[in-house]
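Student: First to last, the protein sequences are chains A and B. Following the numbering used here, the numbering of the first sequence begins with 145 at its first residue and continues without gaps. Following the numbering used here, the numbering of the second sequence begins with 5 at its first residue and continues without gaps.
Possibly wrong hints are sitting among the right ones.
Chain A is nowhere near these chain B residues, computed Cβ spacing over 12 Å in every case [to be verified]:
#1 G45
#2 Q48
#3 I107
#4 L125
#5 I128
#6 I167
Label pairs and their calculated CB-CB ranges [what the hints assert, rightly or not]:
#7 S8/B - W166/A: 18 to 26 Å
#8 R171/A - R237/B: 39 to 47 Å
#9 P181/B - A188/A: 34 to 42 Å
#10 E179/A - Q44/B: 45 to 53 Å
#11 W174/B - Q175/A: 42 to 50 Å
#12 F162/B - N181/A: 38 to 46 Å
#13 R15/B - Q175/A: 33 to 41 Å
#14 Y173/A - L22/B: 37 to 45 Å
#15 T124/B - R182/A: 46 to 54 Å
#16 Q175/A - T118/B: 40 to 48 Å
#17 T200/B - M145/A: 26 to 34 Å
Calculated from the structure, these hints are not laboratory results. Quantities reported herein were computed from a predicted structural model and do not represent experimental measurements. Note that CB positions come from ideal geometry on N, CA and C, so glycine has one too.
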Amino acid sequence: MGPWGFVSLAYGIVCAVIVLYWLLLKRRYRQAEAELNRLKSSEAVNSHDKG
Amino acid sequence: MAQSTAAVKKRKGVLGGLALLAIIAGLCWSLLIAPPDGYQGEVQRIMYLHLPSILTAYLSYFLVFIGSGMYLWKREKKDDLLAHAAAELGVLFTALTIVEGSIWGKPTWGVWWTWDARLTLTAILLLIYAGYLMLRSLIDDEQRAASAAAILGIIGFFDIPLIHMSVYWWRTLHQPPSILRPDKKPWENVHPDMLTALAISFVGFLLLYFYLLSLRYRVGEMRQEIKALRLERGV
C-alpha cells in the first residue's frame, strides 16, 4: 500500500465509525423519545379519565 | 414546553450543521492545501485526524473527571449523566486515536503496533474507560453503579498526565510533540498551512464532539424520565 493508501484507510475508517456511531445514537434517541412520549400521553389520558 | 423542546432540537441541528461544515473544511485543508511533510511525506496527513482525536478524548475524560467528582460530592443525577455520556464518547475517540496511530505507524515505523510507553498507556486509558462502561452495566443498583463508576472515572483520569509525559520520561518510539514544544513556538516549527489544517480539524472535532455529547446526554436524561414514570406507575 502506498502513502495515500494509508491516508485513505485512516480517513475512511474514522468517517465510517463516526457516521455509524451517529446513526446508532440517533436511533437510541428516537427510541427513547418515542417511549417517553408514549408514557406521557398515556399518563395524560389516565389523569383525564380520573378527572 | 413544546416550544423549548423545539428550540433545543434546533440548536442541536445548528451545532451538527456547523460541525459538518468545519469537518468538510478541515478535510479539504488537510488533504488538498497543507503541504506534505519533509520527512514522512503524505502519510503525515494522518496527524490532522490523530491529534484532534486524542485531544477530544482528553477533553471527554476531563468532563468525566468533573462530572464524577461533582456526583460524589453533591449526588446529583445530572452530573452522573454527564460523566456517563462523556465516558462513552471518550472511549470512541480513544479507539479512533489508536486505530489512526496504528495506520500511521505501519509506514513510519514498519509495525502496526509496538509496546511503546505512550501507546501502551493509551491502550490502558481505553481499557479503564471501557471498564467504566462495563462496570455500570454489571451493577444492578443504580446509585452503587454510579458511585463505583465515578471513583474509576476519577482514577482513570490520572493516566492522561502519564501519557503526556511518557515521551520525556522513557525512551519511546513515539515522537515528542512537534507543535506544543516548550522550546519553540508552533509557527517557528510547523508550516502555517499545516497549522491551519490542524486548527480547522480540531474545531471540527470539537463541534462534532459537543453535538454528539448533547445527543448522548439527552438519551440518558430521557431514560431517567422513562424509569421515573414507570416507577410511578409500578410498571
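Student: All hints are to be evaluated individually against the structure, with a verdict given for each.
Tutor: Now for the hints, and whether the structure bears them out:
no.	hint	in the structure
1	G45	violated, 5 Å
2	Q48	violated, 9 Å
3	I107	violated, 4 Å
4	L125	holds, 21 Å
5	I128	holds, 21 Å
6	I167	holds, 20 Å
7	S8/B - W166/A: 18 to 26 Å	holds, 24 Å
8	R171/A - R237/B: 39 to 47 Å	violated, 26 Å
9	P181/B - A188/A: 34 to 42 Å	violated, 57 Å
10	E179/A - Q44/B: 45 to 53 Å	holds, 50 Å
11	W174/B - Q175/A: 42 to 50 Å	holds, 46 Å
12	F162/B - N181/A: 38 to 46 Å	holds, 42 Å
13	R15/B - Q175/A: 33 to 41 Å	violated, 22 Å
14	Y173/A - L22/B: 37 to 45 Å	violated, 19 Å
15	T124/B - R182/A: 46 to 54 Å	holds, 48 Å
16	Q175/A - T118/B: 40 to 48 Å	holds, 42 Å
17	T200/B - M145/A: 26 to 34 Å	holds, 28 Å
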